[in-house]
Amino acid sequence: MKDFIVYVFRMIGCVVKGSRNYYLWLGTLALFVGMAGLEWYHTLHDGLIVTNMSDHVSWGIGIANFVYFVGVAAGAAVLVVPAYVFHREDIKELVLLGELLAVVAVSMCLLFIMTDVGRPDRLWHLTPGIGFLNLPSSLLSWDVVVFTGYLLMNLHIPGYLLFMRYRGRKPTALMYLPFVFLSMIWAVSIHTVTAFLLSGLGSRPFWNTPILAPRFLISAGASAPALLIILFTAIRHFAGLKVKDSVFEYFLSVLRVTMPINLFLVGCEVFQEFYTGSLHAASAYYLYFGLHGHSMLPKFIWTALTFNIFATVVFLVPKLRAKKPLMYLACGLTVVGIWTEKGMGLIFPGFVPNPLGEIVEYAPNLGEIILNIGIVALGALLYTAMAKVTIAIQRGELRLHPGSTPEAPGAAEVPAPVGSAS
Amino acid sequence: MKLPVLPGASSGCGGGGCGGHDHERGPSLECAVEDRVEKLVSQRLEEPGTRRDILRGGIAAALGLAIAPGCTTSEIDEFFQKHYRELKDDEKKKIFARLEEKTRRRTGVTVHITDPQPLEGVHFAYALNLSHCNGNRRCVEACARENNLPDDPQMRYIRVVELDNGSQHLEKGTTAYDPEKVPQPGKFYLPVQCHQCDNPPCVKACPTKATWKEPDGIVVVDYNWCIGCRYCQAACPYHARRFNWVEPEIEPERVNPDQGYLSNRIRPVGVVEKCTFCLHRTRNGRYPACYEACPTGARKFGNLADPHSEVRHIVENKRVWILKEELGTEPRFFYFYG
Chain A
67 MKDFIVYVFR
77 MIGCVVKGSR
87 NYYLWLGTLA
97 LFVGMAGLEW
107 YHTLHDGLIV
117 TNMSDHVSWG
127 IGIANFVYFV
137 GVAAGAAVLV
147 VPAYVFHRED
157 IKELVLLGEL
167 LAVVAVSMCL
177 LFIMTDVGRP
187 DRLWHLTPGI
197 GFLNLPSSLL
207 SWDVVVFTGY
217 LLMNLHIPGY
227 LLFMRYRGRK
237 PTALMYLPFV
247 FLSMIWAVSI
257 HTVTAFLLSG
267 LGSRPFWNTP
277 ILAPRFLISA
287 GASAPALLII
297 LFTAIRHFAG
307 LKVKDSVFEY
317 FLSVLRVTMP
327 INLFLVGCEV
337 FQEFYTGSLH
347 AASAYYLYFG
357 LHGHSMLPKF
367 IWTALTFNIF
377 ATVVFLVPKL
387 RAKKPLMYLA
397 CGLTVVGIWT
407 EKGMGLIFPG
417 FVPNPLGEIV
427 EYAPNLGEII
437 LNIGIVALGA
447 LLYTAMAKVT
457 IAIQRGELRL
467 HPGSTPEAPG
477 AAEVPAPVGS
487 AS
Chain B
582 MKLPVLPGAS
592 SGCGGGGCGG
602 HDHERGPSLE
612 CAVEDRVEKL
622 VSQRLEEPGT
632 RRDILRGGIA
642 AALGLAIAPG
652 CTTSEIDEFF
662 QKHYRELKDD
672 EKKKIFARLE
682 EKTRRRTGVT
692 VHITDPQPLE
702 GVHFAYALNL
712 SHCNGNRRCV
722 EACARENNLP
732 DDPQMRYIRV
742 VELDNGSQHL
752 EKGTTAYDPE
762 KVPQPGKFYL
772 PVQCHQCDNP
782 PCVKACPTKA
792 TWKEPDGIVV
802 VDYNWCIGCR
812 YCQAACPYHA
822 RRFNWVEPEI
832 EPERVNPDQG
842 YLSNRIRPVG
852 VVEKCTFCLH
862 RTRNGRYPAC
872 YEACPTGARK
882 FGNLADPHSE
892 VRHIVENKRV
902 WILKEELGTE
912 PRFFYFYG
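As given, the protein sequences belong to chains A and B, one line each in that order.
488 is the number that this note's numbering gives the last residue of the first sequence; the numbers go up by one with no jumps.
919 is the number that this note's numbering gives the last residue of the second sequence; the numbers go up by one with no jumps.
FYI, nobody ran anything at the bench for these hints, they're computed from the structure.
Treat the hints with care, since some could be wrong.
Label pairs and their calculated CB-CB ranges [what the hints assert, rightly or not]: (1) B:E682 to A:T214: 32 to 40 Å; (2) B:G747 to A:T214: 24 to 32 Å; (3) B:P697 to A:T94: 53 to 61 Å; (4) B:R900 to A:Y107: 54 to 62 Å; (5) B:D732 to A:I251: 49 to 57 Å; (6) A:S203 to B:G689: 36 to 44 Å; (7) B:K669 to A:T214: 28 to 36 Å; (8) B:P734 to A:S203: 27 to 35 Å; (9) A:G343 to B:E682: 37 to 45 Å.
Glycine residues also receive a C-beta, built at the ideal position from the N, C-alpha and C atoms.
Based on the sequences and whatever the hints tell you, model everything.
Structure representation (structure tokens):
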């Protein structure tokens with residue numbers, strides 16, 4: 067117990083110590099978080115009237131971001147599966163950072179919801195035992211269940227492994243491996259449930275399509291590796307983390323599969339909507355071409371499509387992806403493209419036109435944008451702190467007995483110390 | 582054979598098998614009603630458990646201490662208020678008194694909150710004669726006054742769509758027509774409000790069981806349990822639910838003091854609300870406000886389970902149709918031409 071308290075204090079110590087640039091980075095993020103905090107206070111004080119949402123478009127940018135970051139959370143499986151199923155050592159070194167990304171993404175999702183509901187003070191109504199969860203019928207209740215499970219699992223696995231490594235002990239396989247395998251299936255479930263949450267609604271023909279869950283999973287499999295390439299490059303640059311080139315190769319090979327499939331699924335959707343030509347295609351018309359003179363979204367969706375097609379070409383053509391700047395550009399465009407397609411390209415048009423045919427457009431206002439950026443900044447802040455501690459422990463800089471040998475017996479079972487390898 | 586009006590009193594409708602009725606007319610309707618009743622019974626929440634109370638008591642005590650500074654007793658009570666269906670009579674009394682006091686302080690009006698219970702053997706239904714409706718929107722305004730809706734034209738339970746003759750293409754219609762200049766030639770008018778579905782997508786969607794279907798067919802919301810996630814709004818195919826984006830402000834002279842806890846009492850900010858067929862009126866033998874306000878006689882309301890009621894006669898004998906029937910929501914709201 068005493069050990070654990072010391073451990074916690076040492077972790078905090080590790081987080082607060084850093085270079086000037088590190089403080090600058092944390093400070094900038096904190097500034098955004100602070101602004102978002104004020105904005106949230108404003109919302110709590112005056113009601114959600116301060117947003118641009120209405121009874122017509124009753125979910126906005128918050129839910130759009132929620133859907134996107136569920137994909138990021140599920141995308142951690144891109145690291146977990148090769149590390150534990152195919153025993154790729156190069157990826158095993160990084161898998162904890164992937165699991166922590168899932169923790170951060172899930173936490174962000176919870177914040178997107180918490181700031182979006184009308185009565186955050188009543189969220190305890192969702193706690194089984196003291197409140198009610200409407201199971202099995204409400205998909206939102208299922209979302210609460212799978213999110214809590216995924217969060218706990220992804221906190222437990224890296225938490226346990228890191229603590230063991232810190233103490234120089236060999237982790238017991240039974241303590242974490244079952245959760246690792248469960249979390250792989252669970253990663254699919256969080257995104258599937260989120261897709262079902264939308265596709266199960268007969269009232270919204272735009273979402274009411276069985277292709278939504280596969281689309282979500284594939285687009286998560288596209289945006290997560292692109293994001294991880296950028297993230298690991300940044301960590302490599304700023305924290306001196308050694309990431310083998312084979313890891314980037316692996317991400318690119320995943321992207322070569324998921325990006326074309328994602329485009330294919332978008333194409334399937336587009337065909338079904340426009341070829342059938344039923345009135346149910348109204349939302350799709352609104353998204354791609356505008357409806358009855360309302361045309362806020364087409365410019366965004368066509369830009370996103372262009373980004374995704376461009377990135378797909380870069381990933382597929384060996385000569386192009388070999389050019390580093392072009393490859394990074396493609397990764398950036400993938401992140402933006404998928405975010406647009408999956409967030410505003412999916413959530414907003416679901417509400418336009420409304421079930422009675424009325425057309426009210428929605429674009430987030432400055433307050434909503436600040437709030438959402440703040441949540442992303444808080445995620446980045448959390449991730450920076452967690453990654454810093456993780457890297458310190460894995461390198462052996464943070465240990466229970468600083469004087470002891472860096473390699474405890476049997477420590478090979480633990481992800482090898484990053485930085486010492488290769 | 583008289584139609585069974587009490588839930589469970591039927592002999593011919595068990596197990597979902599509804600064939601073989603020797604009733605002269607409308608056996609399928611009778612079965613539909615009975616089947617719906619059965620579904621309702623099975624949807625009831627579980628009985629409140631003591632474990633739940635103990636757990637909640639402990640957490641309440643702990644949290645109460647933590648947040649007590651700066652909070653009034655009534656705010657703390659409101660925070661820990663239980664789900665409506667777990668409340669005992671004395672608890673309800675206290676809550677109603679607290680809400681009445683709150684309204685008195687805010688608006689200066691003394692209101693009376695009651696909690697009329699569903700009547701046995703009553704299954705409310707609405708029928709609307711589209712041949713008579715001329716889009717004057719008296720129903721919309723009467724509803725707003727009856728139900729303590731703020732002065733915001735968006736906060737209305739009834740929306741009337743003006744459509745071109747020959748089409749039900751809703752996108753081509755409009756709700757923004759001038760009600761003083763009706764009926765327009767070549768147009769017809771489609772009022773839409775909560776359809777009190779027997780298979781309500783909103784109830785399925787609610788993550789906290791804050792909205793449910795009462796035995797008399799009315800879908801209600803516990804405004805003190807709703808977390809304001811608005812999933813029910815996304816789920817409703819009739820655009821029938823309204824969210825309180827802002828704390829509702831009602832001028833004192835417009836406050837209707839005759840209030841039902843589950844219907845027209847003044848709602849808090851951040852929760853969803855909807856038409857309840859004016860249950861504070863209809864459960865006391867009165868008609869809904871929209872029915873009384875309609876100058877054309879287009880609106881018909883009554884007990885579907887009563888074989889002599891007007892709505893029953895219409896549903897059995899008129900060419901009745903349902904909005905978006907393909908969605909399987911089984912509304913209690915019928916349209917007809919007559």
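Checked hints:
1. B:E682 to A:T214: 32 to 40 Å: 38 Å, holds
2. B:G747 to A:T214: 24 to 32 Å: Since B:G747 and A:T214 have Cβ atoms about 53 Å apart, the given range 24 to 32 Å is violated.
3. B:P697 to A:T94: 53 to 61 Å: 58 Å, holds
4. B:R900 to A:Y107: 54 to 62 Å: 56 Å, holds
5. B:D732 to A:I251: 49 to 57 Å: Holds, at about 52 Å.
6. A:S203 to B:G689: 36 to 44 Å: Since the Cβ atoms of A:S203 and B:G689 sit about 43 Å apart, the hinted range of 36 to 44 Å holds.
7. B:K669 to A:T214: 28 to 36 Å: With a Cβ separation near 31 Å, B:K669 and A:T214 satisfy 28 to 36 Å, so the hint holds.
8. B:P734 to A:S203: 27 to 35 Å: Distance hint for B:P734, A:S203 holds at roughly 34 Å.
9. A:G343 to B:E682: 37 to 45 Å: The hinted range 37 to 45 Å is violated for A:G343 and B:E682, with Cβ atoms some 58 Å apart.
Hint compliance for this structure: hints 2 and 9 are broken, all remaining hints hold.
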